[in-house]
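Quick note on numbering: the sequence shown equals residues 11 to 196 in our numbering.
Please keep in mind that the hints were generated in silico from the structure rather than gathered at the bench.
Beta carbons are placed, not taken as given, at the ideal position from N, Cα and C, and that holds for glycine.
Any given hint could be a false lead.
The following label-pair restraints were derived from C-beta to C-beta distances [what the hints assert, rightly or not]:
#	residue 1	residue 2	range
1	Glu93	Pro46	14 to 20 Å
2	Gly183	Tyr38	24 to 30 Å
3	Asp55	Arg148	16 to 22 Å
4	Phe126	Asn14	21 to 27 Å
5	Ile25	Gly122	56 to 62 Å
6	Ala120	Asp189	40 to 46 Å
List of simulated lysine-lysine pairs, DSSO-like, C-alpha gap at most 30 Å [claimed, not checked]:
#	residue 1	residue 2
7	Lys64	Lys130
8	Lys77	Lys94
9	Lys130	Lys108
10	Lys112	Lys94
11	Lys112	Lys64
12	Lys94	Lys64
13	Lys167	Lys123
14	Lys94	Lys111
15	Lys108	Lys77
16	Lys82	Lys94
17	Lys184	Lys94
18	Lys130	Lys112
19	Lys77	Lys111
20	Lys82	Lys123
21	Lys108	Lys184
22	Lys184	Lys167
23	Lys82	Lys130
24	Lys77	Lys112
25	Lys108	Lys64
26	Lys108	Lys123
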Amino acid sequence: YINNNRDFATLLSEILGELNASHTGGRYYAPGAQMPTANLGAYFDEGYDGDGLKIAEIFPRGPLAIKTAGLKPGDVITSIDGEKINAGEDYFPMLEGKSGKKVRLGVTHADGKADFVTVKPISNGAQSEMAYQRWVERNEQIADSLSGGRIGYVHVKGMDGESFQTVYDRILGKYRNCDAIVVDTR
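Start from the sequences and build out the full structure, keeping to the hints where you can.
Structure, rendered in structure tokens:
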């Protein structure tokens, strides 16, 4: 028994999966304009149970990586635009509709010094791309370190011309002198 579009999309995906055909699936997107939530370009410590967001990792090209912010892992973001981030409460509503717009963050640095920094949050898509680039770069580093620089690593992001060009450039550029290349297609 299916009484909603989301369950129907799941059923459709299951049926298409039985065909064993590549690149097929079903999706459902709820109607209506949803306010996109911005992101700060960082991973936060999920084990931290105090008020605020304890920074675990900052994406190198993300909003928190700017030198003027002076943020590091271990620092805690305590507020967004003057609104306190309470332990256990969702902070995403504080970032709704603020992608590309300046926000003021209250911060307590790991040394205990309190500060305010202004950054421009990014879209979900931009943060996803940064996370993807981080993942690829880590895999490249692993292949390089385990092989002493003899094995390269490339990831095929999609079955399209842009991905082909990226892989082609890496193989004939950065990895042209390698003995082997790991071509990751997952």
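Check your understanding: Within a Cα-Cα threshold of 30 Å, do lysine 77 and lysine 111 meet the stated pairing?
Key -> holds (18 Å)
**Study point:** Assessment of proposed distance window 21 to 27 Å (beta carbons of phenylalanine 126, asparagine 14)
**Key:** About 45 Å separates the Cβ atoms of phenylalanine 126 and asparagine 14, which means 21 to 27 Å is violated.
Point to revise | Proposed proximity, lysine 112 with lysine 77 (alpha carbon, max 30 Å) | key: Given that 30 Å is the threshold and the Cα spacing comes to 16 Å, the pair holds.
Check your understanding: Taking 56 to 62 Å as the hint, is the beta-carbon distance of isoleucine 25 and glycine 122 inside that range?
Key -> holds (58 Å)
Point to revise | Assessment of proposed distance window 14 to 20 Å (beta carbons of glutamate 93, proline 46) | key: Roughly 18 Å apart at Cβ, these two residues keep to the hinted range, so it holds.
Review point. Taken at face value, is the distance from the CA of lysine 167 to the CA of lysine 184 at most 30 Å?
Key: Cα-Cα ~18 Å, so holds.
Point to revise | Pairwise hint evaluation, lysine 111 against lysine 94, where the allowed Cα distance is 30 Å at most | key: Holds - the C-alpha atoms of lysine 111 and lysine 94 are around 19 Å apart, at most 30 Å.
Review point. Could one say that the CB atoms of aspartate 55 and arginine 148 fall in the range 16 to 22 Å?
Key: 19 Å Cβ-Cβ, so the 16 to 22 Å window holds.
Review point. Taking only the CA atoms, is the gap from lysine 108 to lysine 123 under or equal to 30 Å?
Key: holds (26 Å)
Review point. Between alanine 120 and aspartate 189, does the C-beta distance stay in 40 to 46 Å?
Key: Holds, at about 43 Å.
Exercise for review: Mind checking the alpha carbons of lysine 184 and lysine 94 for me, to see if they're no more than 30 Å apart?
Suggested key: violated (46 Å)
Review point. Keeping to a limit of 30 Å between CA atoms, is the pair of lysine 108 and lysine 184 held or broken?
Key: Roughly 37 Å between the alpha carbons, so the hint for lysine 108 and lysine 184 is violated.
Comparing the model with each numbered hint stated earlier shows that hints 2, 4, 13, 17, 21 do not hold.
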